[in-house]
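Here's the letter readout for the chains.
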Amino acid sequence: MSWVAHDMEPYAIQRHLGKRVAIVPLLLGSYAPDLTTKWFVYGISVFGYKIKANDPAQFHRGWPGAGFTHSLLFGVVISLIILLLTKRNIWAFSFLLGQWSHALTDMGDTVGTMLFFPWTHHFAIGAWQYAGQTGRFNDAGAYFSGPGFVWDGIWIVIASFGWRILTRSYFEETVANGDPLWTWAMATFPMAVVLALYRCSFFYGICRWTTWVIWAHVTHNYQFDVTWGGPMWVGVASGGTTTRLGLMSFGGGCPCGGCCGGPKF
Amino acid sequence: MRSGYGIVLAYAAVGIAYVALSVAFPDFILSWVEGAAVLVLAFGVGPFIYRRLRR
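Just so you know, the protein sequences line up as chains G and E, in that order. Going by the working numbering, the first residue of the first sequence is number 1, and it counts up by one from there. Going by the working numbering, the first residue of the second sequence is number 1001, and it counts up by one from there.
I should point out that these hints are in silico values taken from the structure, not numbers from a laboratory. Bear in mind the structure is a predicted one, so any value in this text is a computation, not a measurement. Hints should not be assumed to be uniformly reliable.
[Said to hold, decoys possible] From the structure, some residues in chain E lie toward chain G, with a derived Cβ separation under 7 Å:
1. A1017
2. Y1018
3. V1019
4. V1023
5. P1026
6. W1032
7. V1033
8. G1035
9. A1037
10. L1041
Don't be surprised by glycine CBs; every beta carbon is placed ideally from N, CA and C.
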């Protein structure tokens, strides 16, 4: 999975397409595939009971499971629903772009996505290790120790080159102009709050990239491994297999390579 | 009206505070909703309270 890329891609698309897209559905589309599934992948505790998918990768990306949310078809279906409900082409198109960018980006890891669902073949580039099954913290430790850390950094740089889209003048002329959502927001809240909400995902993306890098490598001891398909210690700690659908063997023991004595490279 | 540099500095200051809090308490902080809440607090609620107190 990707982390900060999903925050930054919508701003890069916004910069490129200007008035042809709407940022809110673009962001919603970019977050949509993980919006209702991530909590079950990582697991939560409710009154002492741990609720978590038995096979997180299968649930997250596979079928049977919620993997269809990472397909191109899912974006089309939700976009059509948006179009039927709102009659706004730009909102449907923007959601579609956002969702497709998410599905394509998540092809970068070792599990990949069922891009052409109902065909259940997984398209995976395998640039970085999928580690969702290890829980939120170890997933962060793995992701921000491998090529995913670089990938997200590239997206921060790309989005930052388009810093002008974060200015008030760009927002008023291009983003809010003619968009009823922002018109309502500007009539309801102070401009500083509206601009803060518009810039929020950008701000959040940079902050969480910085936070997880510090958390993983300053306050903890996760080992960098930016080789293709890394960090390899995710696979080593899980019994010698890399994390691909159907090949996981997270038996006992700590799955991380950084926090409590896992393999060090 | 604050200058462009002033706004960037304000966001940077809020960002540093947010990152520091997030590193210290990653269990409780660091979700999109909390990121939005921090910005709204810093640029909406905070200045509003400040103006009210100065009256």
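Of the numbered hints stated earlier in the document, which are not met by this structure? 1, 7, 9 and 10
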